[in-house]
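Number of protein chains: 2
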Amino acid sequence: MTIMEEAKRGIITEEIREVAKAEGIDEEVVRRRVAEGKIVIPHNPIHNPKALGIGKGLRVKVNANIGTSREYVNVEEEIEKAKVAMEAGAHAIMDLSTGGNLDEIRKKLLEVVYVPFGTVPIYQAAAEAIKKYGAIVDMSEDDMFNAFEKQAKQGVDFTVAHVGVTKLSVERLKKQKRIIPMVSRGGSIHMAWIIHNGEENPLYKNFDYLLEIAKEYDLTLSLGDGMRSGAIHDSNDRAKFQELLIIGELVEKAREKGVQTMVEGPGHMPLNHIEANIKIMKTVTKEAPYFVLGPLVTDVAPGYDHFVGGIGGALAGYYGADFLCYVTPAEHLCLPSVEDVRQGVIATRIAAHAANLARGIDVEWDKEFSIARQNLDWEKMFKLCIDEKKAREYRQKRLPLEEERACSMCGKFCAIKIVNKYLEG
Amino acid sequence: MTIMEEAKRGIITEEIREVAKAEGIDEEVVRRRVAEGKIVIPHNPIHNPKALGIGKGLRVKVNANIGTSREYVNVEEEIEKAKVAMEAGAHAIMDLSTGGNLDEIRKKLLEVVYVPFGTVPIYQAAAEAIKKYGAIVDMSEDDMFNAFEKQAKQGVDFTVAHVGVTKLSVERLKKQKRIIPMVSRGGSIHMAWIIHNGEENPLYKNFDYLLEIAKEYDLTLSLGDGMRSGAIHDSNDRAKFQELLIIGELVEKAREKGVQTMVEGPGHMPLNHIEANIKIMKTVTKEAPYFVLGPLVTDVAPGYDHFVGGIGGALAGYYGADFLCYVTPAEHLCLPSVEDVRQGVIATRIAAHAANLARGIDVEWDKEFSIARQNLDWEKMFKLCIDEKKAREYRQKRLPLEEERACSMCGKFCAIKIVNKYLEG
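Protein chains in written order, with this note's numbering: chain A, 1 to 425; chain B, 1001 to 1425.
No wet-lab data here; the hints were simulated from the structure.
The beta carbon of each residue, even a glycine, is placed where N, CA and C say it ideally should be.
Treat the hints with caution; some may be incorrect.
To give an idea of the chain A side of the interface with chain B (calculated C-beta under 10 angstroms), a few residues [claimed, not checked]: (1) L271; (2) L335; (3) E393.
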């Protein structure tokens, strides 16, 4: 039985208990929301990761994407990225490898990753189709479903399925006349397949079969976002919402079958589109957990997209997004390095924490920090920093000379010291 | 005559014309808003900087703080910071020096800074009081006003005056019981002076005299924010709003006298407080230009405060803040380096641009960028990047091998290439 099926029967599973404890929420509330599909706990018993809740009323979570490309295959580096991402506080890891021995890479990563582990099986189906048939579009329906089943069997906790890229949404996309029609790799594979073969997307047409696979392994489905906007100009358009409407129907089907499901979101999106996007998504999916990439609030800052995505992610989290997919500084430019991964996770954790604070969650962390600041208790502050090492390094660069408890910016002009003397002394 | 006085008489000055042209707005609209005090153009004829408009309907602008501390005095480095900040796109520079020969440093900086140049004269008054009397609180009223006049005479375009730190707001602050009562250096100097001397803040009591000085040099006053919150927990509280109410009255006085005035804002503030803060500020000041520091949306990320302030700044700009004071990664830890200054400016420019896009300004920039992306026109993209050098460096790190126009993340799986082939080909 899946966690969702157990929850529907009123059972508080071990995972539900762990999530409730970690979030400081009543177990029964978590159970009910899992049963309703408003919280997911991606947890394939074969992998058995740390229990992580994503969804209504919980902390905003952070996902880090890693993985080889067809051009750069260095498995040790990807393992290092996974470890660094988890150390930096990523709540989940997705392996998006497209180069090298994909099964072997996944196996090695699953051995070190102790948080929920996600994949995009269509990448493997596509990579194999190139080898087998010479073209992605010649893959068979079985090739697609087999990729999902193989990966679930290996222990993957959640997988992306681009079920909303269908004949209908592709038609809407054509009429949309976007600047950049599509930036989702998985989406473009399905779109090309649909056009080339003149057939409906098998993952949509035979969604019930996908649900059977998911159910067998308690694989959480992440219904993605082939139509996500890749340009500010293309944000919140008809193509995107067409896909969302299709996905909304499939979320209900999945819930009926007891399969945990979340929904993916954009993409490139100006600040003024974020609130509406999230409210509409939450309405048409009846509060499915929302997994957003960024959103990136401008197109023009490659090299800083971890930050651009952090601005959008903070706002998205505040308005109700549940799960932020990080972006690294290398986004749009090249495969990220280990340090890029670290920077991406930290930026996204800051965004998630800013959203949590705005929702009234984890306010004690900042309160404790500020009490330490008022006391000029540097050791305590460092220990509470989101990146302790970096903060210590900065302070060491220019240590204060005249007032050792102040900092070298203000020295004797430290407002806190003046205030302590006059206001309180 | 000040620009505001001329504007009141219906005159479109050269500066108004330049601002209107730069912003793509009708000259008459800019003139009227300058006359009403809804737009300021900080411009001391002695310095004669590039005309810069700040306020209603204009692009969100970015200010970079530089300056020596009492502990680290390296004038050449500060000059370098000013140059780097302007190259990176800062619209204004503030010299917050507190160490070394302040007049000499300011003179040298004014020679290289071609954008509006701001200061906090009370720092100089305080530094001199330590030398002269051994204690900041022993400075005389004349010492304070003389600092303003001397700096205006030197060519400073805008100065901070902490006129809202008064007996009344200090009383409210005491009753507030904040975690961190005060983090503003200027604010703490005035507060200490008020308590020590049992007298009202001279800048408040004799505000008319400050206006006379300002009028003589067309010095723009930036009414700051001694009560800004230095902790998320202390955000949007009674002490802050008490100060704002006092400042609102003084804004009206300044407008009557034809003195250009803007108002400063927080500080540390959770995402969910930003909209209300800005709407209230805009209401009680009848739409004075709003100059915000950050806001910083969490306390716990020293080392990343440029990013933390960027999240808050983007949202603040979207809701109506006009002028973002950058924060560097060194904030709260030490005096920033040249590279910290550059990172601070770029992060804040990204935030300002995200806000502009959300207000419908400069959308063509992103549109042009995305067209170049769709065409995989890398040269064009690099030229449109907010930091061209950084983007080029990243792409060079791992150049694509199999598909030279793609990037090394996706290679043959480049969605844009697949889409071009199937959707459009």
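**Prompt:** Any hints this thing doesn't respect? Which numbers, in order?
**Reply:** none
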